[in-house]
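Enquirer: Sequence:
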Amino acid sequence: MDHSDGGRPNRSRLRPELREMLEAAEHAGTLSNDQLGVVRARAASELSLAGHWDLKDDLAPPLTFTLGDPAIRCRLYRGGDAPGTMLFLHGGGWVVGSLDTHDGAARALARAAGCSLLSVEYRKAPEQPFPAGLDDAETALRWVIAEGAGLGLSSERIILAGDSAGANIAAALALRARDRGIPLGGQMLIYPATDLAHESPSVDEFAHGFFLSRATLRWYIANYLSGADPTHPEASPLLAPDLSGLCPTLLVAADHDPLRDEGRAYAARLTAAGNAVTFHEWPGTTHGFMIMAGITPAARELIGVMGAWARHVWG
Numbered sequence: 235m236d237h238s239d240g241g242r243p244n245r246s247r248l249r250p251e252l253r254e255m256l257e258a259a260e261h262a263g264t265l266s267n268d269q270l271g272v273v274r275a276r277a278a279s280e281l282s283l284a285g286h287w288d289l290k291d292d293l294a295p296p297l298t299f300t301l302g303d304p305a306i307r308c309r310l311y312r313g314g315d316a317p318g319t320m321l322f323l324h325g326g327g328w329v330v331g332s333l334d335t336h337d338g339a340a341r342a343l344a345r346a347a348g349c350s351l352l353s354v355e356y357r358k359a360p361e362q363p364f365p366a367g368l369d370d371a372e373t374a375l376r377w378v379i380a381e382g383a384g385l386g387l388s389s390e391r392i393i394l395a396g397d398s399a400g401a402n403i404a405a406a407l408a409l410r411a412r413d414r415g416i417p418l419g420g421q422m423l424i425y426p427a428t429d430l431a432h433e434s435p436s437v438d439e440f441a442h443g444f445f446l447s448r449a450t451l452r453w454y455i456a457n458y459l460s461g462a463d464p465t466h467p468e469a470s471p472l473l474a475p476d477l478s479g480l481c482p483t484l485l486v487a488a489d490h491d492p493l494r495d496e497g498r499a500y501a502a503r504l505t506a507a508g509n510a511v512t513f514h515e516w517p518g519t520t521h522g523f524m525i526m527a528g529i530t531p532a533a534r535e536l537i538g539v540m541g542a543w544a545r546h547v548w549g
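Taking my numbering, the leading residue of the sequence shown gets 235, the next gets one more, and so forth.
I should point out that these hints are in silico values taken from the structure, not numbers from a laboratory. We put the CB at the ideal spot given by N, CA and C, even for glycine. There could be a bad hint or two in this list.
Pair by pair, the computed Cβ-Cβ distance ranges are [what the hints assert, rightly or not]: (1) Glu515 with Ser282: 21 to 29 Å; (2) Gly461 with Leu293: 20 to 28 Å; (3) Arg242 with Thr300: 18 to 26 Å; (4) Ala278 with Pro531: 39 to 47 Å; (5) Ile416 with Pro517: 18 to 26 Å; (6) Asp292 with Arg414: 34 to 42 Å; (7) Leu281 with Ala510: 37 to 45 Å; (8) Pro295 with Arg534: 19 to 27 Å; (9) Glu254 with Ala278: 18 to 26 Å; (10) Ile416 with Ala462: 35 to 43 Å; (11) Ala462 with Pro250: 34 to 42 Å; (12) Ser478 with Gly549: 35 to 43 Å.
Take the sequences, apply the hints, and build the full model.
Expert: Dropping the structure here:
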């Protein structure tokens, strides 16, 4: 276990700015989302995450609209004329998070990839548990293919992207797309949750003191599943019996993250199944660092890697 004497987390290998953030939160007695409960956790998420990106660029204001039935709120960013569209699914443990909490990251990613990016505000648990969010993501994907041309969106080589719970949904959607004959250009999975049925050693290693705690992770999963089978491949893509025939994958793990090991394992299984996989384990980082641009340069570094990977996929 990566804990020093007294059971305190050993943060010696974290980036200094992330270590300082965690120590400040600890000193302030900041409550975790499982302690806050659903309503207060959502409010806290909006306040704490929405302002993390300070963007000064020449991108046009995004277009926010709804699609599908039930209506799904989406936001379209125009970052360039790349010959493909990116479908982005925000993180937040399937319970919190929104278009706004990930607005800056989505905008920066659209710019880095030089593409049109559609961010999807899928339904959340516990009010709408598994598989509601995944169903919404599929609806948005099918909308891009069938109707996206009306907004200038390409239906060729669509790339799915998501962080944390959003990456879980993206991975599950890639499996659905394969099984239902929907071609994809790629998937970008940033510190994904891939196994909701088992806890890997890194869940114990980083059980507390590293942004996402074991208690909060368990709370998120319980809310999302609400009694559903945790071994279902669309909840736990790592447990899918067949991972062959999937689109190219960029998978990023944070090295001080409870989800690190299941990210490693998913990358390994995808590779073993014959898929093209690019795997990075970001040093000195915690879960959630992609949306912490106001705190750590690692966020912009990651967005740059994601943008370059997408441009390569689109040629």
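Enquirer: Hint by hint, say whether it matches the structure.
Expert: Tested hints:
1. Between Glu515 and Ser282 the beta carbon distance is about 26 Å. The supplied range of 21 to 29 Å therefore holds.
2. At roughly 43 Å, the beta carbons of Gly461 and Leu293 sit outside the given window of 20 to 28 Å.
3. A C-beta distance of roughly 47 Å is found between Arg242 and Thr300, which places it outside the suggested range of 18 to 26 Å.
4. Taking 39 to 47 Å as the suggested C-beta distance range, the pair Ala278 and Pro531 does not conform, at roughly 25 Å.
5. Range check, Ile416 to Pro517: Cβ separation about 35 Å, and the 18 to 26 Å hint is violated.
6. Checking the proposed 34 to 42 Å range against Asp292 and Arg414 shows it holds: the Cβ atoms sit about 38 Å from each other.
7. The given range of 37 to 45 Å is respected by Leu281 and Ala510, whose C-beta atoms sit roughly 40 Å from each other.
8. Checked against the hint of 19 to 27 Å, the C-beta distance between Pro295 and Arg534 comes to roughly 21 Å, which is consistent with it.
9. A beta carbon spacing of about 20 Å between Glu254 and Ala278 agrees with the range 18 to 26 Å that was offered as a hint.
10. Look at Ile416 against Ala462: about 23 Å separates their beta carbons, and that is not inside 35 to 43 Å.
11. Restraint check, Ala462 to Pro250: a C-beta distance of roughly 41 Å satisfies the suggested window 34 to 42 Å.
12. A hinted range of 35 to 43 Å is violated for the C-beta pair Ser478 and Gly549, which are about 24 Å apart.
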